[in-house]
Each structure stands twice: as structure tokens, then as C-alpha cells.
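Under my numbering, think of the first position of the sequence shown as 670, with each following residue one higher.
Derived from the structure by calculation, the hints contain no laboratory data.
Heads up, a few of these hints could be off.
[To be verified] Distance condition first, Cα-Cα at most 30 Å in a straight line; then the derived DSBU-like pairs of lysine-lysine: (1) Lys698 to Lys830; (2) Lys738 to Lys698; (3) Lys781 to Lys830; (4) Lys781 to Lys738; (5) Lys698 to Lys781.
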Amino acid sequence: MPELDFAQSIGIVAFLIGATAFLHQDGNKFRLHLTFFQIVLCSHFILMGAITAAIGCGISALRSYASTKTQSGYVMGLFIALLWIMGLPNLQYSYELLTIFGASVATYGLFKTDGLTLRFLILFNSFCWLTNNLLLGSIGGTMMEATFIVVNLYTITNLIKQARET
670 MPELDFAQSI GIVAFLIGAT AFLHQDGNKF RLHLTFFQIV LCSHFILMGA ITAAIGCGIS
730 ALRSYASTKT QSGYVMGLFI ALLWIMGLPN LQYSYELLTI FGASVATYGL FKTDGLTLRF
790 LILFNSFCWL TNNLLLGSIG GTMMEATFIV VNLYTITNLI KQARET
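Kindly produce the complete structure, drawing on both the sequences and the hints.
Structural data, given as C-alpha cells:
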């Protein structure tokens with residue numbers, strides 16, 4: 670069992686911030702909430718020494734914010750390229766590749782989709798990060814991704830119900 674130190678405490682703070690992100694049904698509010706959450710989570714991963722995860726979170730924070738301003742395929746491609754160019758050289762463990770792949774899928778989702786498609790792509794990303802966080806021993810990260818999965822599934826269910834009613 671990982672020890673609850675300062676780095677883990679920051680991860681738990683990130684969890685508390687991120688736990689409500691998936692309750693937003695509005696895509697832009699969702700993206701802005703993710704931006705703030707990812708900044709805090711990035712600091713958690715830096716403190717844990719998980720550089721690939723920290724790079725992924727830092728780029729993802731910038732990407733989430735940028736996706737509120739543009740849906741440009743060029744900008745999307747730039748963020749995906751940054752994830753791979755900066756992430757691959759810093760891999761310490763093979764499972765960290767999941768963070769790069771998941772963040773790439775989420776980047777596509779944030780720039781090119783909305784509604785249910787966006788939620789499903791983010792759900793896939795959450796499963797990638799859940800695996801990474803379990804193997805890394807990140808308490809807050811594991812709690813966060815597990816919660817994201819449950820809350821995102823709840824929101825997906827509500828969006829499906831709303832679509833059937835209209």
C-alpha cells in the first residue's frame with residue numbers, strides 16, 4: 670500500500686477537483702474543468718517522479734483549454750505530436766505508454782467530437798490512466814480515474830435518456 674505523503678496528498682486534492690468534472694453536460698464547461706484538474710494532477714505526478722504522466726497531464730491541460738477556443742485539426746495534431754515526442758523518450762515502464770495513447774484518443778475527442786462520442790473517448794482514456802495509476806501506486810490518481818469512469822458512465826446514461834426523449 671502506498672504511503673500517504675505530500676505527493677499523494679496533492680493527488681487526492683486533484684481527485685477532489687476532478688471528481689465533479691464529468692457532471693458537466695456542457696462541453697466547454699467540461700473542458701475548462703478538466704484544464705484546472707490536469708494542472709493539479711500534473712504537479713502530483715511531478716512529485717511522484719512519474720515524468721511521462723506529468724508530461725501527459727501538462728500537455729493535456731493546455732490541450733483541454735485550447736479545445737475551448739478552437740476545433741482545428743492542425744492544433745489537435747500538434748498536441749498529439751507533442752504527447753508522443755515528449756512522452757516516448759521519458760518512458761520508464763511499458764505501461765506508461767497507455768497514458769500517451771489514452772491522452773491522444775482524448776485529444777481527438779476534445780477537438781473533433783462532442784456529446785456521447787466525446788464521453789466514450791474520454792471513458793477509454795480513463796481506463797488507460799486507471800491502469801497506469803494502479804501500477805504507479807497513485808492513490809488519488811486511482812481514485813480519480815475510477816470515479817471518472819463511474820461518473821462518466823452516469824452522464825453517458827443521462828445523455829442517452831435525453832436523446833431518446835427528443
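Each hint tested on the structure:
1. Lys698 to Lys830: Status holds; Cα separation ~21 Å.
2. Lys738 to Lys698: 12 Å, holds
3. Lys781 to Lys830: 23 Å, holds
4. Lys781 to Lys738: 13 Å, holds
5. Lys698 to Lys781: 16 Å, holds
In summary, the structure agrees with every hint in the numbered list given earlier.
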